[in-house]
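Use the sequences and the hints to build the structure in full.
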Amino acid sequence: QKEVEQDPGPLSVPEGAIVSLNCTYSNSAFQYFMWYRQYSRKGPELLMYTYSSGNKEDGRFTAQVDKSSKYISLFIRDSQPSDSATYLCAMRPHTGTASKLTFGTGTRLQVTL
Amino acid sequence: NAGVTQTPKFQVLKTGQSMTLQCAQDMNHNSMYWYRQDPGMGLRLIYYSASEGTTDKGEVPNGYNVSRLNKREFSLRLESAAPSQTSVYFCASRRGSLVTGSEAFFGQGTRLTVV
Numbered sequence: 001q002k003e004v005e006q007d008p009g010p011l012s013v014p015e016g017a018i019v020s021l022n023c024t025y026s027n028s029a030f031q032y033f034m035w036y037r038q039y040s041r042k043g044p045e046l047l048m049y050t051y052s053s054g055n056k057e058d059g060r061f062t063a064q065v066d067k068s069s070k071y072i073s074l075f076i077r078d079s080q081p082s083d084s085a086t087y088l089c090a091m092r093p094h095t096g097t098a099s100k101l102t103f104g105t106g107t108r109l110q111v112t113l
Numbered sequence: 114n115a116g117v118t119q120t121p122k123f124q125v126l127k128t129g130q131s132m133t134l135q136c137a138q139d140m141n142h143n144s145m146y147w148y149r150q151d152p153g154m155g156l157r158l159i160y161y162s163a164s165e166g167t168t169d170k171g172e173v174p175n176g177y178n179v180s181r182l183n184k185r186e187f188s189l190r191l192e193s194a195a196p197s198q199t200s201v202y203f204c205a206s207r208r209g210s211l212v213t214g215s216e217a218f219f220g221q222g223t224r225l226t227v228v
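Protein chains in written order, with the numbering used here: chain A, 1 to 113; chain B, 114 to 228.
Hints should not be assumed to be uniformly reliable.
Claimed, not checked - Estimated spans, in silico, between C-beta atoms of each pair:
no.	chain 1	residue 1	chain 2	residue 2	range
1	B	Phe123	A	Arg108	21 to 27 Å
2	A	Ser26	B	Glu186	32 to 38 Å
3	A	Lys56	B	Ala195	29 to 35 Å
4	B	Thr128	A	Asn27	34 to 40 Å
5	B	Lys122	A	Ser68	39 to 45 Å
These are computed hints drawn from the structure, not numbers from a lab.
Here a beta-carbon is modelled for each residue, glycine too, at the ideal position from N, C-alpha and C.
Below, the structure written as structure tokens:
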């Protein structure tokens, strides 16, 4: 049983659609939750960052954390072809200056014209 | 601003050969990490270094060694490469404090094939 579960997709949506990406986790010690975007043959880049439960919005992107359900989501509004990438959720506990990130396997998203 | 730089970008090794993957960051970060990424497995932590002079094993350390040469550089060594080590390797760094937003920055990856 993996600590972090993420549907691998691929997920194909038309341009302009609302996209919902999700992860579930089992470790209740996780306090920091991240979404990374990874374009093909590139390194992951940090997209969104949330501490504990709640919502965070940044432009077309909204991150939600529900710690009671151990469930996190990333919503993309008005999706664009440039959003086509693999989206990785990641999380870590609060303690320790080198507290390690645990990643989901990533969901591949394709936004079509 | 280079961020995290990895060399080489591509490498083909024969089984049993050794090599060192290099990583350098110019962000004055304390923590550095080596991950491997395989299809269906996501990013798995090989080794990490919380600060200069310290290293610790991650999830999949077998077959690897690391050296934190100084604050900027963190190398990963394969002593005797095996086909199971064919993967994409990512180095990452993080400021390493509890300050909000001090999350990991990744290099562009090294694609390693062991034949």
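Tested hints:
1. B:Phe123 <-> A:Arg108: 21 to 27 Å: Given range 21 to 27 Å: holds, Cβ gap about 22 Å.
2. A:Ser26 <-> B:Glu186: 32 to 38 Å: Roughly 35 Å apart at Cβ, these two residues keep to the hinted range, so it holds.
3. A:Lys56 <-> B:Ala195: 29 to 35 Å: Once the Cβ atoms are compared, 42 Å apart, the range 29 to 35 Å for Ala195 of chain B and Lys56 of chain A is violated.
4. B:Thr128 <-> A:Asn27: 34 to 40 Å: Cβ of Thr128 of chain B to Cβ of Asn27 of chain A: about 36 Å, so the range 34 to 40 Å holds.
5. B:Lys122 <-> A:Ser68: 39 to 45 Å: 43 Å, holds
In this structure, only the earlier hint numbered 3 is contradicted, and the remaining ones agree with it.
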